[in-house]
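K.L.:
Numbering (our numbering), first residue to last: 12 to 117.
Each hint should be verified, as a subset may be incorrect.
The calculated label-pair distances, taken between Cβ atoms and stated as ranges, are [to be verified]:
{"no.": "1", "residue 1": "Leu95", "residue 2": "Tyr48", "range": "31 to 41 Å"}
{"no.": "2", "residue 1": "Ala43", "residue 2": "Asp71", "range": "12 to 22 Å"}
{"no.": "3", "residue 1": "Asp52", "residue 2": "Glu79", "range": "16 to 26 Å"}
{"no.": "4", "residue 1": "Ile58", "residue 2": "Asp21", "range": "15 to 25 Å"}
{"no.": "5", "residue 1": "Glu79", "residue 2": "Glu35", "range": "20 to 30 Å"}
Listed next, the in silico DSS-like pairs over lysine-lysine satisfying Cα-Cα at most 30 Å (straight line) [unchecked claim]:
{"no.": "6", "residue 1": "Lys86", "residue 2": "Lys51"}
{"no.": "7", "residue 1": "Lys109", "residue 2": "Lys24"}
{"no.": "8", "residue 1": "Lys109", "residue 2": "Lys86"}
{"no.": "9", "residue 1": "Lys42", "residue 2": "Lys109"}
{"no.": "10", "residue 1": "Lys24", "residue 2": "Lys70"}
{"no.": "11", "residue 1": "Lys86", "residue 2": "Lys24"}
{"no.": "12", "residue 1": "Lys109", "residue 2": "Lys70"}
{"no.": "13", "residue 1": "Lys70", "residue 2": "Lys42"}
{"no.": "14", "residue 1": "Lys109", "residue 2": "Lys51"}
{"no.": "15", "residue 1": "Lys86", "residue 2": "Lys70"}
{"no.": "16", "residue 1": "Lys86", "residue 2": "Lys42"}
{"no.": "17", "residue 1": "Lys42", "residue 2": "Lys24"}
{"no.": "18", "residue 1": "Lys51", "residue 2": "Lys70"}
{"no.": "19", "residue 1": "Lys51", "residue 2": "Lys24"}
If you're looking for bench data, these hints aren't it; they were derived computationally from the structure.
All values derive from a computational prediction rather than experimental measurement.
We treat Cβ as the ideally placed atom computed from N, Cα and C, and that holds for glycine.
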Amino acid sequence: MNTIAERIYDFLKGFPPFNMLSREQLFAISKAVEVIYVEKDQTVFSINQSIESHFYVVKDGAIGLYSEANTLVDKCDEGDIFGLRALIRTGTYILDAKAIEESVLY
Numbered sequence: 012m013n014t015i016a017e018r019i020y021d022f023l024k025g026f027p028p029f030n031m032l033s034r035e036q037l038f039a040i041s042k043a044v045e046v047i048y049v050e051k052d053q054t055v056f057s058i059n060q061s062i063e064s065h066f067y068v069v070k071d072g073a074i075g076l077y078s079e080a081n082t083l084v085d086k087c088d089e090g091d092i093f094g095l096r097a098l099i100r101t102g103t104y105i106l107d108a109k110a111i112e113e114s115v116l117y
């Protein structure tokens, strides 16, 4: 087995909706995951940026979701999912996503 995929699997299995998948399904997802390191204050995506084809899961750290007025709308930390518009819509993001602290994302 791939050690990185095993670590991702071990992390994701503790959080919904991943904890409802079979071992085989979750391991297949874990092997396809990209690990992203984000510095504090680094932008993950911006308002009006074209929606990407994936969503994000916070492994470590915290990501803030901000309105156009730069108001914190939501804080995502360990196990939280954000950027889900990629699964249900096309177009652009409606919030900015920025690292509140150094973070690791899947």
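K.L.:
If a hint holds in the structure, say so; if it doesn't, say that too.
P.N.:
Going down the list of hints, with the structure as the test:
1. Leu95 to Tyr48: 31 to 41 Å: violated, 22 Å
2. Ala43 to Asp71: 12 to 22 Å: Holds: the Cβ-Cβ distance is about 20 Å, inside 12 to 22 Å.
3. Asp52 to Glu79: 16 to 26 Å: Since the Cβ atoms of Asp52 and Glu79 sit about 18 Å apart, the hinted range of 16 to 26 Å holds.
4. Ile58 to Asp21: 15 to 25 Å: Violated, at about 34 Å.
5. Glu79 to Glu35: 20 to 30 Å: violated, 42 Å
6. Lys86 to Lys51: holds, 14 Å
7. Lys109 to Lys24: holds, 25 Å
8. Lys109 to Lys86: holds, 10 Å
9. Lys42 to Lys109: Status holds; Cα separation ~26 Å.
10. Lys24 to Lys70: holds, 12 Å
11. Lys86 to Lys24: Holds - the C-alpha atoms of Lys24 and Lys86 are around 21 Å apart, at most 30 Å.
12. Lys109 to Lys70: Distance ~15 Å between Lys109 and Lys70 Cα, so the pair holds.
13. Lys70 to Lys42: Holds. Lys70 to Lys42 sits at ~15 Å (cutoff 30 Å).
14. Lys109 to Lys51: Satisfied, since the Cα-Cα distance of roughly 8 Å is no more than 30 Å.
15. Lys86 to Lys70: holds, 14 Å
16. Lys86 to Lys42: Holds, at roughly 27 Å.
17. Lys42 to Lys24: holds, 14 Å
18. Lys51 to Lys70: holds, 15 Å
19. Lys51 to Lys24: holds, 27 Å
In this structure, the hints that do not hold are numbers 1, 4, 5, in rising order.
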